[in-house]
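**Q** Using the sequences and the accompanying hints, generate a full structural model.
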Amino acid sequence: KQWYQRRVRVNERVSPYLQESQQEVVDCLLEQCQSVEENFSRASPFAVGVHQLEIQRIRYMATDYLRTRLHKIEKHAEYALEEQKDQDGGEDAVLKLSPAEFIYAREFHRNFQNHLKDTALKHMPNPFNELKKSESVTAPNLNSFVFFKVKEDINDVLVDPREIPKDLTQGEIHISKFLPIATLLDQGKIHLV
Amino acid sequence: GLVRIMRFRWDHGAVLPEEIQVNLQEHEKHWFSKYNKNLANYMTSLHGLDLTQNTVPPKSLKIQVRCLQEYGELETESGEIVMLTMNSEHYLPLSECEPLIRQGVLQHMGS
Numbered sequence: 016k017q018w019y020q021r022r023v024r025v026n027e028r029v030s031p032y033l034q035e036s037q038q039e040v041v042d043c044l045l046e047q048c049q050s051v052e053e054n055f056s057r058a059s060p061f062a063v064g065v066h067q068l069e070i071q072r073i074r075y076m077a078t079d080y081l082r083t084r085l086h087k088i089e090k091h092a093e094y095a096l097e098e099q100k101d102q103d104g105g106e107d108a109v110l111k112l113s114p115a116e117f118i119y120a121r122e123f124h125r126n127f128q129n130h131l132k133d134t135a136l137k138h139m140p141n142p143f144n145e146l147k148k149s150e151s152v153t154a155p156n157l158n159s160f161v162f163f164k165v166k167e168d169i170n171d172v173l174v175d176p177r178e179i180p181k182d183l184t185q186g187e188i189h190i191s192k193f194l195p196i197a198t199l200l201d202q203g204k205i206h207l208v
Numbered sequence: 026g027l028v029r030i031m032r033f034r035w036d037h038g039a040v041l042p043e044e045i046q047v048n049l050q051e052h053e054k055h056w057f058s059k060y061n062k063n064l065a066n067y068m069t070s071l072h073g074l075d076l077t078q079n080t081v082p083p084k085s086l087k088i089q090v091r092c093l094q095e096y097g098e099l100e101t102e103s104g105e106i107v108m109l110t111m112n113s114e115h116y117l118p119l120s121e122c123e124p125l126i127r128q129g130v131l132q133h134m135g136s
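Residue numbers (the working numbering), protein chains in the order written: chain Y, 16 to 208; chain X, 26 to 136.
Note that these hints are calculated values from the structure, not bench results. Heads up, a few of these hints could be off.
Short, incomplete list of chain Y residues facing chain X, as computed with Cβ under 7 Å [unchecked claim]:
hint, residue
1, LEU45
2, GLN71
3, LEU81
4, ARG82
5, ASN126
The structure presented is a predicted model; accordingly, all values stated were derived computationally and were not measured. Ideal placement from N, C-alpha and C gives every residue a C-beta, glycine not left out.
**A** Structure follows, in structure tokens:
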């Protein structure tokens, strides 16, 4: 499970936009940490030291993961909320935001808008004193470049629309714009480095 | 402007030091307080995990640090009281040192 968390954390770190929320993995790891800590009183001091370092490492990975996500939410709050709204109700809805993150995003966005209104917009004459949605959304740059490693052989991948589709072999490392390979990432066929 | 104030929360904690507070306008303090409240609310869903801590990957449980200020007494989690005076050196748990290193009170003596 730790290996998986490491992978999840790097994917989130490198990608320009939020990946699907892996909150359950985080919660599970943290629960395990807690139960290990509760057993400390029964273990030898040496074992406790080793476990403590392990736990601190896991805590670091979990906090770094959640922090990265939170900062992305802050940068693209409105975009994330809109995306989630469009998905709602669909059976295959891929929810990028965990329930708590959704509330955070909504509150953050609301605070931000209110702040802009109170400090600047209310002093402006109509029709300039309202925020238009199309003008205020900051979308993430899905065309930024990322490095990725191929986990299994994939055929006919259109990495660059100006070139012909390529075959990717397991173990290779490539660089590409994020958007064309985003689906491969979701499918678990590649992971970011 | 707004992003700077958000960073303050991550670097300095929920209560801003006096030097910063005097330089903020009312509406900026208002933004900070709302941001702080939202963050605190979110962190309650994390079973006690504080996202403003654990900012560096831990290499060892304890680290060697030097104190850069006349800080005074520090009570560690284990109940021990450590006296942090100018230039004093200590071997302390990473979790205790981390916030103080960020605030500039302690300096990590490289391995």
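**Q** Holds or violated: ASN126(Y) as interface residue toward chain X, Cβ cutoff 7 Å?
**A** holds, 4 Å
**Q** Any CB of chain X closer than 7 Å to the CB of LEU81(Y)?
**A** With a closest approach of 6 Å, the LEU81(Y) hint holds.
**Q** Would the stated hint for LEU45(Y) survive a check requiring a Cβ distance to chain X of less than 7 Å?
**A** holds, 6 Å
**Q** Identify whether the interface hint at GLN71(Y) stands, where standing means a beta carbon of chain X within less than 7 Å of its own.
**A** Constraint on GLN71(Y) satisfied, holds at 4 Å.
**Q** Are ARG82(Y) and chain X close enough, Cβ to Cβ, to be under 7 Å, as the hint says?
**A** holds, 5 Å
Hint compliance for this structure: every hint is met.
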